[in-house]
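Protein chains: 2
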Amino acid sequence: MSAINRQIRLTARPVGEVEPEDWEHVAEPAQEPGEGQFAGRTRFISLDPAMRGWLDDRPSYLPPVGIGEVMRAGSVIEVTASNHPGFHPGDHVVGTFGVQEHVVSDGKGAMKIDTSLAPPSTFLGALGMPGMTAYFGLLDVGALREGETVVVSGAAGAVGTMAGQIAKVKGCRVVGIAGGPEKCALLTDELGFDAAVDYRAGGVKRALREQTPDGIDVYFDNVGGEILDAALTRLAMHARVVICGAISQYNNATPFQGPSNYISLLVRRARMEGFVVFDYAKRYAEAAQEIAGWIGAGRIKVKEHLVKGTVDDFPETLQMLFRGDNIGKLVLELA
Amino acid sequence: MSAINRQIRLTARPVGEVEPEDWEHVAEPAQEPGEGQFAGRTRFISLDPAMRGWLDDRPSYLPPVGIGEVMRAGSVIEVTASNHPGFHPGDHVVGTFGVQEHVVSDGKGAMKIDTSLAPPSTFLGALGMPGMTAYFGLLDVGALREGETVVVSGAAGAVGTMAGQIAKVKGCRVVGIAGGPEKCALLTDELGFDAAVDYRAGGVKRALREQTPDGIDVYFDNVGGEILDAALTRLAMHARVVICGAISQYNNATPFQGPSNYISLLVRRARMEGFVVFDYAKRYAEAAQEIAGWIGAGRIKVKEHLVKGTVDDFPETLQMLFRGDNIGKLVLELA
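Here the protein sequences come in this chain order: A and B.
Residues in the first sequence are numbered consecutively from 1, following UniProt numbering.
Residues in the second sequence are numbered consecutively from 1, following UniProt numbering.
Excised from the complex, chain A in its bound form:
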């Protein structure tokens, strides 16, 4: 008798916030691996702000998740059976395997990970997409230089904790924007940020003015909305605004709030640039090696927020992201 594969499928396109009714909890027999395939059991599921965008039926960098399809998600699985020469039982493998307990894969887009280097969940965070996103967003898109002032929004999140710490490694003054005193204390006391701004306390514009006396050279934006607008008032000459995400806007049923201060780009001869980390796939290994080195040397601390549960806990765990309940990389760990 085959195992049961519990899955979360999309049943309706949410308008505004994602509701429990937008998901279907399905139980299917787990499949056996065919020729050239392997099967695995899901251990860790990544939760990412970008997931909200994947639910909307509009042109983006990936096609939307189809109605009735298993929800797209990055995850780490443990191989249980294999007809594939590159993957063996017991291997841990990272890939976009979806929100389900059992996976069958032909290995495309899958990567075996070395769990002696770091715990498996870290390959979804610091050594995974969020780490790559922070690395290439700051260093390539942001063209960060030593001694510059860097401001990171969503600073206590998966990408933000990495972006701020990488900027510190690169010798910058780093100011993080996060929600609430607990996150702000984490940034300055544990992660080495030079200052933190609590947007929930209000007065972000004034706080940024105080904390960036020479202006902002690189603003790494994960949130959009009013915080982006506040940061635009502080740009230094030739500043770079890196558009990584806009989590404050993803649940809008109305259009995004556009940055009303965008004309600062003209006054400050600055640029605002977006990117998608997948474009850097050929350089992931190089980046992961460098980040692993910084982690090993204690220069970067890995922050993960593990929620233990089953795939049925996925919808509620996803909401944590949009409420800002997580600190560091949010991961659903399957029991």
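Keep in mind that a hint or two might mislead.
Claimed, not checked - Ranges of calculated distance between the beta carbons of each label pair, as one might list FRET restraints:
#	chain 1	residue 1	chain 2	residue 2	range
1	A	16	B	237	25 to 31 angstroms
2	A	85	B	233	43 to 49 angstroms
3	A	188	B	202	50 to 56 angstroms
4	A	81	B	170	57 to 63 angstroms
5	B	181	A	59	27 to 33 angstroms
No wet-lab data here; the hints were simulated from the structure.
Every residue gets a Cβ at the ideal spot worked out from N, C-alpha and C, and that includes glycine.
Got chain A sorted already, so can you dock chain B onto it with the hints?
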């Protein structure tokens, strides 16, 4: 008895649209040139959308015009008397001499022009700041390449007519956005644009979709607002959005309308960049020479909109810009 120097001075900071009461019409005795100075009579006064920004008391690339000061403006004067070795009676000189009939200058920031090359007013347009702005904005900031699709807003204006024609010289597909059928006909029938979109007819988004089947590689924005937002929906991969101005927003008493579709920058791996033409001052001569060559070869047509009058007509003439009444470079020609 010395001549009378009529001047337009700023008396109040406008909120929203500039009102006649914001200006003072002053008559003073014209000054004599001192040691190392020359005096001149104003012949042509430039009217520029950027003037609106100079009236606001907020940080920008130039200090605001002070209350009680002569309004800042570029102009061409004819030298009437000189104690300066570089300038002689009869010379035509371009500079930021302000809205006044008589000028005394020490020559700083002033440049003698060769009226055998082009009529004096052209040094305020195609061979002046608007020409420089189009040239460096497209070629440097926009990093234009042959064969790309270029969209220009405010296309029938001083900068827009030049930007579109320079893009044609560079072998691009060029779509202009302008207000009304007359301007649109000018773009396609006279200036060689491949297509024109009449924003007053509505449906800009759809029209852009039709006219840019491969998306927009370079969007040269003079207007901001809804047109910028529409253009953002059509960006090609790695597109460049050049922020040159935002005339649709300058008279807002409320904050600028931010581009709600800015997240296209992420999806399309695109950048939005602002610039100020003054930064290219060292390369003006090079650019003017190349533009003059294109004009001479008939590849670029100079469009100027001359209003004949006195400095007292400045306030009303300025309004023409914001109503979109002008075609090409708007200049006040003093009788």
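Hint by hint, here is what the structure shows:
Here the CB-CB span from residue 16 of chain A to residue 237 of chain B is close to 29 angstroms, well matched to the stated 25 to 31 angstroms. For the pair residue 85 of chain A and residue 233 of chain B, the beta carbons lie near 46 angstroms from each other, so the given range of 43 to 49 angstroms is met. Evaluation of the 50 to 56 angstroms hint for residue 188 of chain A and residue 202 of chain B yields a pass: the beta carbon distance comes to about 52 angstroms. For residue 81 of chain A and residue 170 of chain B, the hinted distance range of 57 to 63 angstroms is satisfied, since their beta carbons lie about 59 angstroms from each other.
Taken as a hint, the range 27 to 33 angstroms holds for the pair residue 181 of chain B and residue 59 of chain A, whose Cβ atoms sit roughly 32 angstroms apart.
The structure shown violates none of the earlier numbered hints.
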